[in-house]
Structures are given as C-alpha cells and as structure tokens.
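J.: Chain order of the listed sequences is A and B. Counting from 1, position 31 in the first sequence corresponds to residue 1458 in the numbering used here; the numbering is continuous, with no gaps. Counting from 1, position 175 in the second sequence corresponds to residue 1602 in the numbering used here; the numbering is continuous, with no gaps.
Hints in this document: simulated from the structure, not taken from any laboratory. In this text, all values refer to a predicted model and were calculated from it rather than measured experimentally. Take these hints with a grain of salt, some might be off.
To be verified - Straight-line C-alpha distance at most 20 Å; calculated EDC-like pairs for lysine to aspartate or glutamate:
1) 1593/A <-> 1521/B
2) 1612/B <-> 1746/B
3) 1593/B <-> 1710/A
4) 1593/B <-> 1517/A
5) 1593/B <-> 1521/A
2 protein chains.
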Amino acid sequence: MQVVITGGAGFLGQRLARSLLKQGSLPDRNGQLQAISKITLVDVAAAGFDDARLEQVIGDITDPALLERVITPQTAAVFHLAAIVSGQAEADFDLGMRINLDASRLLLECCRACANVPRVIFTSSVAVFGGALPAVVQDHTALNPQSSYGTQKAIAELLLNDYSRKGFVDGRVLRLPTISVRPGKPNQAASSFASGIIREPLNGQPAICPVAPDVRLWLLSPRKVIAALIHGYSLAADALGQSRTVNLPGISVTVAEMVAALERVAGKPVAARVEWAHDPAIDRIISSWPGAWDTTRANVLGFVADADFDDIVRAYIEDDLPAA
Amino acid sequence: MQVVITGGAGFLGQRLARSLLKQGSLPDRNGQLQAISKITLVDVAAAGFDDARLEQVIGDITDPALLERVITPQTAAVFHLAAIVSGQAEADFDLGMRINLDASRLLLECCRACANVPRVIFTSSVAVFGGALPAVVQDHTALNPQSSYGTQKAIAELLLNDYSRKGFVDGRVLRLPTISVRPGKPNQAASSFASGIIREPLNGQPAICPVAPDVRLWLLSPRKVIAALIHGYSLAADALGQSRTVNLPGISVTVAEMVAALERVAGKPVAARVEWAHDPAIDRIISSWPGAWDTTRANVLGFVADADFDDIVRAYIEDDLPAA
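Model the full assembly from the supplied sequences, consistent with the hints where possible.
T.: Here it is as structure tokens:
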C-alpha cells in the first residue's frame, strides 16, 4: 500500500502523513486493510520529520516528469493537497491557474496512465460558492465562485468527477470548511484571520480581524479535517453515487462568537488581544462564501464535525500551542 | 467593428455570419452602432459563401499562433462556437478536452492580451446539468454533468466567468437548449436525432428515434439561437450581475409531441417515417439533461423562445428544406 501526498510538507500534508504512519494501514479497493509501506510527500520544501516509510520528493508539481515518477502502478492513494491559497490566487492569477488547475489535471492524467486506478482525494473549498446564496447551502446549490481560487477549485472538482465517471481514477472531492485553528504563521489565504484571531492571542500576540463581527464562517478543526481525508479515502466508490463531491460537515459561527469562545476557554485578557480593522478586499471574498451548508449527505456517509468552537479552541491548545 | 467567429464554417457559424453581414452593424461598448468592417471565420474547413467583409481562416484553434493572428486589438466581438459535440467528446475524451477546454482557455488568454477587452460569447449546453434534477432547472441549480462534453462546457463557463470578473474579457455564456431543427446531415451529438426525426421525414427519408416517446427535450430553433447570440453580445455587462451565464429560453416538449407536430404540419405519411429503435447509450446521455429550466432571468434580459414546436417545424421548412 503506497500513498502519495502532494503539498506533503504543508500543515495538513504533514499531519495527514503522521496520522497515516501512526495508524499504519488503509483499506484497499476490496476493503481489506493493507499495511502502508511507503508515503511519498511531494512539495516545494521538505517536511520536518522522518520515518523509514517516508519518501520526500522536492519539486514542482506542474512538472510532468516529477508526477510520473511519484505516481506509479503501486500507488493506491493520492491525496492532492497542494494549492495556491485564495488570497494569493487572486493576486497572481497565472500562478493559481498553474497550480490549482494545471497541476490537478496533470495529476489526474498521471493516475489515468496507471494500470491500477488509484483513489484520488481532492480538497475543495467553500469558495466554490458565491453570489446570491441561500442561508444554508444545499448539495444542489449552483457553484458561482467569486474568486479565482474558487473557480480553479470548482474546475478541479468537475475534472475529478468526470475522470471518475470515465473510470480513469476513483476520485473523491471533499469540500472543506475554513480550517481553524491552523498552527504556524499567517498565510495568504483570505481566511487566514480565522485561525490568526485565536492562535495569535493564545501565543501572547495581538491579532487583526479584517471582517465585521457578524460575518459567519463555516469551520472545521485540523483534527477533523485529517479524519475526513482518511474517511473519504476509505469509502467505497458505490457509496458516492452520481457525484464524487461531498460538502463536509462543519460548525457555523460568527467571528464574534469565535472571540467569545476564546474568552470562555482562555480568559478575557487573551480575547482582548483581537483588534478589529476592516479590510474591504478580504471582507469581499469572505462574505461571498457560505456561512453554513446542509450536511445530510456527508452525515450519511459518516463524516463528523466538531462539537462546537470551544472544542476547536481546546483542540488547538492541546495539539499545537507551544509549551510556555 | 471586427468580429471573430470560431467554428465559423459550421451551421451556426455560417448562419450567424450571414445575419451579421445582413444587419451590417453591432453596438460598441458604449452602445453606439458601428458598421461591421470584417468578420473572420475560423474553422477546419471553409464556409460555403463569400462577402467582401468576410475573412476565412482555416486551421486548428488549439494553435496559439492561429488565435493570436485572428484576435487582435481591433477585435470587438468573439463568438466562440467551435466545439466537439457530445457523442464525439464521450467517445474521444482527449479530443474533447483539447477543443472544448484547452482551445476555450487559449482563446480567453488571447483576448486577455488585447489592449481593448473584447466581448466574448461562449455557447454552453443543457449537458452541464445532470444527476437528480428538479422538474424545472433553476438558475441556482448545481452543475452535475454526466458526460465529458457537459463537464468541458461547465469548465469553460467557469473560466469565462472568472476572466470576466477579473476584467480580462467581457464575457457572456449562453446555455443553449438542444437546437432543432438543424439542417444538413446527422452529427455525433447525442441529440442529433432531435433534428433528424423532423428533417429526414421532411426530406422523404426514414429517421430513427433512439429514445422513448416520453423523453422530454428543451428546444430552440436555429432562428432563435442566432437572435440570442446577437442579443447576448449586445447586452451591457452591468445587466448580467454576478453571473455571466444565462439559461436561454426554450420550449419543453416530449419526443412524441415533436412527432405529433410534424404530423400536424406535414401530414401523417411524413410523420410515419419516424422509426423507434432504442439506443441505451444515447438515452443515458439525453435522459441526464433537463427537459425544462426556469427562464425568468433570460426573459428579463430580453431573450425570446419559439412559440411552439409547430412553429419550429414551419421555420425549418421555410429556411432550410431544399426545394423539391
């Protein structure tokens, strides 16, 4: 059982690799557990840990030779996490197209060329929705992305669905809520603040919230995202029916409720480190995303959200807060 | 005022060119009528007519040099009609991707490189919908194509919307109903029979209907398609709001109703030339398409459907039936 993770040196990629190495096995296409013999992390940088089963490939995933080298007939699972995040894809259109669209298609082509069709897991995003939206987005709500990132993710979804329908890959797309709380540093995602306003105060730093307190977000913790990726891989193809895309469960909270949860879990002085400074460019992107979606299908398929945002804050403290 | 039509030697392309040459002018971006000085038809073959204002370019629209040559800073309108039809795109996946996706993207890139952003009109299709559909598809119904053609058209829609949002082009996508009655010969579209069962009997030939009599189609005549293309070009960008995609009006009829209309207009012996021979592959594609969609938005924007199918049959007889 060999696994490939693109964006493998990123926060989610590393965490997924660690979880897979810890659990040690995955079901094969017949549902039989098989030991994981190799995990290949593909990224522009190296991951910060090592394991006898870990291979690290550093390079450009738009390079066909690189993908052809790492995706082989022995590859059973490909987790495609590499992406240019929303803010950066908006600022650099061509880079977003190259990584979020061209590399995704190239990856599908490499999988198609394999004698044994691998399971391919794409991550997508709330950003595929936009425009006039119902209060709760449904599975059958039209995609109308209002950002280049959302457009590129929507296209990758369509490609993966058609490649799966044709039998070229056995694909699954998980539409991720905004992930909070991400550890580490702010990134160029428009939603970076959704982690920053919790992470920075807990680390004794001020944090700027660029959107209004009543802006509603649809959130999932890193713990639950990793569980969803592994669960998404493990589902039988038949369970997915006529669409390979699943809107993952999340919790719907306003930014004000997030800060209130921080105050409940960590105290008033910590929550007081959040400063409010409106940024219209970020607000425009974030406000175009749905604040909640119907998760009936995901629930039936066995995906699970966090209990509430207090739980998410506590999970960050347990998993990621550096020892004082 | 210079106009480019890809697929310009095809049935719609030629008819659009003739209509534009006849009307002689189009509004510019300020709504001022300007004389059409040149129409460039790009296709793999030559169109069967000539005009002093007509330029014919024969070549492959996936060739960047060709598109860069025909789309210039003087180009005000690009009607992108070139496509691999549904049945052929399903049979030859890579050809469909190359023409329906890669060439569309290349065309957008060529337009983006122009100092004066041209208006770009894409045609899309009922085939972008699929799976479990409401009886009447709404503007906000999710795309869930069940064919490679539908997938490629859906992707082109997303690209055109994002290129328009970014200001790279001033785009419009018209989602066409199935066109009936097309003149000429059957083609590899899964919906080819929707013209054939009217055209062949009127020309004294038998025609095979590969789907059940109660299959419902969403139809528009060639006359109304051409009018819609020109109207779609002429709309001000502001009128389109947050989506550049418009579901065109059509009429919703069953195949049995189409044959009944043929009998009313042309008589029982003509209608009796339709033979029923079920083809599961065609039925599967056609039945995944919506039989009707809500056209409120298109109506507000001024697009117009045919009155009924009898009218469509009569229009074919007037416009296209060869003199006996």
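J.: The structure should be examined with respect to each hint, and the outcome stated for every one.
T.: Hint check results:
1. 1593/A <-> 1521/B: Roughly 12 Å between the alpha carbons, so the hint for residue 1593/A and residue 1521/B holds.
2. 1612/B <-> 1746/B: Holds, because 16 Å separates the two Cα atoms, which is no more than 20 Å.
3. 1593/B <-> 1710/A: The hint holds at about 17 Å.
4. 1593/B <-> 1517/A: OK: residue 1593/B and residue 1517/A at ~9 Å, within 20 Å.
5. 1593/B <-> 1521/A: Status holds; Cα separation ~12 Å.
The structure meets every hint from the earlier list without exception.
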